[in-house]
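Protein chains in written order, with the working numbering: chain A, 20 to 401; chain P, 20 to 401; chain D, 20 to 401; chain V, 20 to 401; chain Y, 20 to 401.
None of these hints come from the bench; they were simulated from the model.
Errors might be hidden in some of the hints.
Just so you know, same-sequence chains aren't split out, so a pair can sit in one copy or run between any two.
[Claimed, not checked] Cut-off 25 Å, straight-line C-alpha distance, at most; resulting in silico cross-link-like pairs (DMTMM-like, lysine to aspartate or glutamate):
id	residue 1	residue 2
1	K78	D184
2	K122	D154
3	K179	D200
4	K60	E207
5	K122	D277
6	K122	D259
7	K179	D166
8	K122	E287
9	K122	D200
10	K60	D102
11	K179	D102
12	K78	E125
13	K122	D266
What you are looking at is a predicted structure, and each value in this text was computed from that prediction instead of being measured.
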Amino acid sequence: MTRRVGKSHAKRRTPPGAAPGTLIADPTAVQTSIDMIGYGKDQIFERQGVSIDDIRTVKGTVPVLWINASGLADIECIRTLGDLFGLHSLALEDVINVHQRPKAEEYENHVFVVTRMILASRHVETEQVSLFVGDGFILTFQERSGDCFEPVRERLRRHKGRIRDFGTDYLAYALIDAVIDAYFPVLERYGERLEELEDAVISHPSPELIAKVHSMKRDLLSLRRAIWPHREMINMLIRDETTLVTDQTRLYIRDCYDHTIQLMDIVETYREIASGLVDIYLSSMSTHLNDIMKVLTIIATIFMPLGFIASLYGMNFDRTTSPWNMPELGWQYGYPFALGVMAIAAAGLVYYFWKQRWIGHAPNKHAHGNQKSSPDPFRDNK
Amino acid sequence: MTRRVGKSHAKRRTPPGAAPGTLIADPTAVQTSIDMIGYGKDQIFERQGVSIDDIRTVKGTVPVLWINASGLADIECIRTLGDLFGLHSLALEDVINVHQRPKAEEYENHVFVVTRMILASRHVETEQVSLFVGDGFILTFQERSGDCFEPVRERLRRHKGRIRDFGTDYLAYALIDAVIDAYFPVLERYGERLEELEDAVISHPSPELIAKVHSMKRDLLSLRRAIWPHREMINMLIRDETTLVTDQTRLYIRDCYDHTIQLMDIVETYREIASGLVDIYLSSMSTHLNDIMKVLTIIATIFMPLGFIASLYGMNFDRTTSPWNMPELGWQYGYPFALGVMAIAAAGLVYYFWKQRWIGHAPNKHAHGNQKSSPDPFRDNK
Amino acid sequence: MTRRVGKSHAKRRTPPGAAPGTLIADPTAVQTSIDMIGYGKDQIFERQGVSIDDIRTVKGTVPVLWINASGLADIECIRTLGDLFGLHSLALEDVINVHQRPKAEEYENHVFVVTRMILASRHVETEQVSLFVGDGFILTFQERSGDCFEPVRERLRRHKGRIRDFGTDYLAYALIDAVIDAYFPVLERYGERLEELEDAVISHPSPELIAKVHSMKRDLLSLRRAIWPHREMINMLIRDETTLVTDQTRLYIRDCYDHTIQLMDIVETYREIASGLVDIYLSSMSTHLNDIMKVLTIIATIFMPLGFIASLYGMNFDRTTSPWNMPELGWQYGYPFALGVMAIAAAGLVYYFWKQRWIGHAPNKHAHGNQKSSPDPFRDNK
Amino acid sequence: MTRRVGKSHAKRRTPPGAAPGTLIADPTAVQTSIDMIGYGKDQIFERQGVSIDDIRTVKGTVPVLWINASGLADIECIRTLGDLFGLHSLALEDVINVHQRPKAEEYENHVFVVTRMILASRHVETEQVSLFVGDGFILTFQERSGDCFEPVRERLRRHKGRIRDFGTDYLAYALIDAVIDAYFPVLERYGERLEELEDAVISHPSPELIAKVHSMKRDLLSLRRAIWPHREMINMLIRDETTLVTDQTRLYIRDCYDHTIQLMDIVETYREIASGLVDIYLSSMSTHLNDIMKVLTIIATIFMPLGFIASLYGMNFDRTTSPWNMPELGWQYGYPFALGVMAIAAAGLVYYFWKQRWIGHAPNKHAHGNQKSSPDPFRDNK
Amino acid sequence: MTRRVGKSHAKRRTPPGAAPGTLIADPTAVQTSIDMIGYGKDQIFERQGVSIDDIRTVKGTVPVLWINASGLADIECIRTLGDLFGLHSLALEDVINVHQRPKAEEYENHVFVVTRMILASRHVETEQVSLFVGDGFILTFQERSGDCFEPVRERLRRHKGRIRDFGTDYLAYALIDAVIDAYFPVLERYGERLEELEDAVISHPSPELIAKVHSMKRDLLSLRRAIWPHREMINMLIRDETTLVTDQTRLYIRDCYDHTIQLMDIVETYREIASGLVDIYLSSMSTHLNDIMKVLTIIATIFMPLGFIASLYGMNFDRTTSPWNMPELGWQYGYPFALGVMAIAAAGLVYYFWKQRWIGHAPNKHAHGNQKSSPDPFRDNK
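Generate coordinates for the entire structure from the input sequences, incorporating the hints supplied.
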């Protein structure tokens, strides 16, 4: 089940007030199919599409048994698996209700871990992956087939990095690490987009951009919500007293913890930069408005007096009645004189605006030009 | 008693300086009516509208006795109940003063829990539900009849989820869980509204929207205030040394704690998104203003020079006095020449504005158009 | 001494570098007058305007002796009281310097508590109340007569709530609780004002309102500063190892702690709402400006072309010289034709603005109308 | 060395990578001069301008020896002092590098304390004062002569407050307390300035004010940076296990801690108020712009139609050609009719704007008037 | 590898899901070259461009052996070094993946420290320096040759500051201290730039400045991200139980910790100042817009009525038809009268604007003038 900011992520499958541990399938859940990998130092077998009976047969005969269930529609099958491995009903309920935050919980004979796997989609969508780590077995539940565990399976098959020398705790680490690492390329893509947005907001502020900045901020918010609880979850695995995790594996999990911190660090940096873009946008808009108003003011200030003078000499006072009535109209050089007055007024105003730095500084270049290519006296003085 | 942001929620029933433990009924309180459910593994009985004497008779004869009082007007009855079950007077005062924050307090022989039940209304309104968990009994006090406990009663009646196998602590958990779970559908509704607001602010910014965003922010603030203390309350029940809560039930309460965290997570996300909407609104307004001013500036810049030229040739200089006075008026093609000058000036200005990207980029579409349907080069390049 | 945000609250009475414990009276301090209440389970006496000698006589003869000094001008008297009850000189200095933050300090044989009593005035003003709780005595120092302790005195006189059954610690609790409770009605009043401001900012944004919002924010800031340290002070009384506070009283103090948290909760909510009002104001102003500019643009866009056409036909080209010169002026229907062109231009522009949603949507109603009474499609769709 | 926000405070004297403990004099350092005060319960002597040999002679012969060095230019002298009293070279390096944050560090046989003394200047400037508290001696190093310790010296001389009865730890407390107390009058002055700024921003917003608000915010930031670490430093002295500080003195240091908290409290309040001033400024500007645009729009909306009508009747259609051409010009009351139409249009528009509340509400009074003297219906309704 | 905010810093070299400890060279990595310094109290030798075999020969024969590898391309060589000194593969992976946050990790027989060295470039770029501190050896790995360790090497060669008397832990301290100290001159440069920006934003707000402020904020963000984790890393070295760090060295590392705090302090101050610049910019723009609009409004308000009067007397009502038609045109002093009316109207409007403080206060000086040189009544009144 994807996790969008909006109505969907406030949904819970179990109706309010229902008995805890009640398993009710999501009507949109995908059909369940189960894969199985069993291995030890010197052996490995792998089967797909196995039944509960197959698992029952194999259980206990190999050092590490990894059952991977994709799709959560078959409640009966999940409940049987739970009974078979002694899983707590509360944990099973969380497997079905796919809006859990990442967390790690210790039960009597197993550790229950919830992580969220990032999907390669347009917006931030995650899929819940639930892990049960017990003595000799690992169960993983995914919402649908397709995951980021293929490299881990490959390492198991090829005995690469000696993953088969360690127990279930190391496999759990490897799976969690794969989930965490999958966030890096996604963040890298967001970093690229953020840089593009930044350039665009500075050079061509437009209302679509502000919607994009908002969308980016929402995506980063979702990423933070997805990543942040992993930190606590992993921390709990490091600290915890459980005997299911060996000291050696804790060393690896500590490395995984570092990656989570690094992810959060990047997300927070991106969020601060994205927030700054709104300020830049408003500043650009404000500057742009100033430029527009300068144009209007210059035009109005120049043409209004000129227009007034023209109208003045368009008045119809009766020059025949009195020599005081508009004698200019009868002057020999009356018209050139009027044009001259206008020209002087216009030149004076242009000079005034030039002195005020309103013209001659290419106002519109500021808003639309490319700041990057212009010489930057500031940066140069270091 | 509902809890609105405003004068009402700063009210306390007990006058300042009154003796602690003083019980003074709220004049608006609803008449008290008491229901009773008693049960054990194999038995259950349920009675409505019982009197104190009925309770006295039954008390101690069943493993778990749940007394539910709706309406807080009958102070005498509540005090008698308190005496019957040995409840502390400070706790009883908190039952009557219905503006308590959710909390859990341990007394000598009972645990006192205050929760706030969300009501299905337009704005965020909550009703205080007080719980006393003792050895063999649970007392709940509600402000009025109607609650979210019906599914729990149903589970008790049908022995579903084996709720009757556990003691009072599990019933307390079930009730608290029902209260917490009731927040999810409310939040889901707010998520939907927030998405509608988001679309509206981007496509049709209007002053009503900003009032709605403010109202949304206030509601989310109220939700946070209602939900946040539940976390601490539940945490206290998990940590506490009291023998009234068994280890097994603590496991369930931990699950309830997760739900509270999840709720807070959603509320905080919504709050951040709602805050961003103000920025979008201001940006939209700013963009829109720019567009309006561009229209004005274009119109003024084109028509002012044209008007000036027309006024110029409306001047009444006396062509008969001197050949210098407006000879153009007497040219054979004077009028077409003047029209031509105007046409060239207008075309030049239009061209200038087109070069400045002020026209030909459909400025108003930005403010009112639907960004969503427009092709988005950004999103496509991933 | 009142405590305003501004110069006054950064003042200290004792000059920098003076010896600690130096008692220097504030020149504006009120004359000291001392009241005394002594009581036990079965007895109570009350005297006003007592002298130090009276106190010396009574001291030790009653289970609880409450000395209340109003006015801090008589340094000598306060020092003698301090010597009589063995109070620490540092604590006495804090009694005189009335700008202390609320705090609780344990000394060898007494606990020293500073609280701040809210005064019923226009702005947030508080008066420092200092308490010394010792074995068998309580000393309170107020800046001036008039306090919120009358209900406590009444309870003592009437033996109500059995306050006389407990010791000095319970009396201390009762006094602190009275101080805390007095904040609730003040906050209630601020809540009412905030709602009025909110309505006003949405319906009639005016510059006076922004000054009022700022003033409200300052008052809430002062309230937070006054209330917040009480939390720590009370917490210290709950936690502390002192034998002067019994376990039973701690239960009551815990209740008082809850009230402080509730107060802070309300103040923080009000602060967030007040902050949002600035956004609403700016948004309203921005919307209003858009509306004004639309009016200007519409008027200019319609009348500039019309005026241009009129000016055009006001030109004086000599129709006698050439048939090319303004033949329209001689047309039979020239004038109706010109009027028609103007009418068509005006109608076209009005239609354009209507299509752009600039007119026909009652722009000014947005800024000044009452949003509340208008049908709200958003709220209705739930 | 003063500490300005800017390049200077990121400077360190010791070049990066130099050996720790390297003493390199600041070229701008003032010449060193040493004073000495020795005292016990019944004796005190004071000498100025002493040499190292003088100190060597006196050392160990009096209960408390206070060496005060002003000016840090004489590295050799400082190193010799360090050797004489067994001071750690790292601490000595911090004495010379006068950009240390306030801190307290425990060394084997002495405690090293750095404080920052506020200077009475226009902007926030502080001088580093370093203290070494050992068994029987106190060394203080100041950047230059002139300090806030005179009252302490006076108390020593006059045996006031019995400061001579205590040891070196009490003297250290007295000195630190003097440094802390010196911040209060400075903050008081900032409080006054802030109130003036507040009044100015509300009544006469001007761009100089926003620069002043920014400068105020920077100063408060510097104050916070100077004061904040004192809290930690004092806390360390209270908590620390060192036997150099007696329990009795710890009581006094706790008092000093309270003062630091109080200072921080005031600074934070001022910072929040200063931040709010930017909002007020922007709101005022926005309101002012609205008022300006209203004036422009009213003028344009009234005179554009009037001007259009006047232009209309200035057209030169040939009335002789056709009776359809401007017959109004020949009417007997044509001119009064035209004037009447103009008057009615103007009156109608004025009425429209009055109904829209654009005029008759004295728009400009808002921006420039004095809100304070105007009757305020809000404040009165309480 | 440099570390820019953008796509690059979200990159990890190891593909997601790869086995931990996998060493894959960055294709852009520089060729590896190894230097070696061995020393004890009385000896020192230094060799450049050594091979693994050289190291193997020397290892164990000197008290302290410092191997410094520049360039990370030669994976084989790094792995062999790791095997030779028993380094953990996870740590080696972090050496290769050069986007680690600064951290310190304890392994069985060595401490692994990651720091980031600031480069002297235009923007904030850092290079990862990894340290392994073991018993008798220190290994440092840099991304490329050229570092800030030269002063340390010099001190080793000259036996200055007795660095050769201490062990590997002291050398590790010296190297970390050199890395930390290198941040100070960079910050100093940012402080200078920030002051220039501040002056520029106040006196000449232009859109390039806001882009520069944004760039400055991003750089400071990067600096914070680079510096902040050093604090935790150093803290871990102080606290840690490892026997590899002696108590004496811890004293020095504590000094290094102080420097980190000081750096963070400066960065945070700069960040707050930079944030304030956006407010100043918007305020300046807003003030500037007001000034522009005032000019436009004044011009329009003066010339529109004048133009209207001129147009009025340009109307062509037929004076011959009726004495009511524009008799003014025939007055003897009609024209001077009309000019007089215009002059009075203009003078009246100018007076009105002067009274409104719109003119005569040099509006444009505010936006472009230099506030600094103007007399400042505020600052003077202290």
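Hint by hint, here is what the structure shows:
1. Proximity of K78 and D184 under a CA criterion of 25 Å is satisfied intra-copy only: 19 Å inside one chain copy versus 32 Å between copies.
2. Taking the shortest alpha-carbon separations for K122 and D154, only the intra-copy value of 20 Å comes in at or below 25 Å, while the best inter-copy value is 33 Å.
3. For the identical chains of this complex, K179 and D200 are intra-copy neighbours only, at 18 Å inside a copy versus 43 Å across copies, given an alpha-carbon limit of 25 Å.
4. With identical chains, the CA atoms of K60 and E207 are never at most 25 Å apart, being 37 Å at best within one copy and 50 Å at best between copies.
5. In this assembly of identical chains, the alpha carbons of K122 and D277 lie at most 25 Å apart whether taken from the same copy (17 Å) or from different copies (9 Å).
6. In this homomeric assembly, K122 and D259 come within 25 Å of each other (Cα to Cα) both inside a single copy, at 13 Å, and across copies, at 22 Å.
7. Taking the shortest Cα distances, K179 and D166 sit within 25 Å of each other inside one copy (20 Å), while across copies they are farther apart (37 Å).
8. Proximity of K122 and E287 under a CA criterion of 25 Å is satisfied in both settings, with 21 Å inside one chain copy and 19 Å between copies.
9. Within a single copy, K122 and D200 get their C-alpha atoms as close as 17 Å, and across copies as close as 19 Å, so both meet the 25 Å cut-off.
10. Proximity of K60 to D102 under the C-alpha cut-off of 25 Å is restricted to the inter-copy arrangement: shortest distance 24 Å between copies versus 28 Å within a copy.
11. With identical chains, the CA atoms of K179 and D102 are at most 25 Å apart between copies only, with a shortest distance of 19 Å across copies and 33 Å within one.
12. Proximity of K78 and E125 under a CA criterion of 25 Å is satisfied intra-copy only: 22 Å inside one chain copy versus 38 Å between copies.
13. For a Cα distance limit of 25 Å, the shortest separation of K122 from D266 qualifies both inside one copy, at 20 Å, and across copies, at 20 Å.
Taken one by one, the earlier hints fail for this structure only at number 4.
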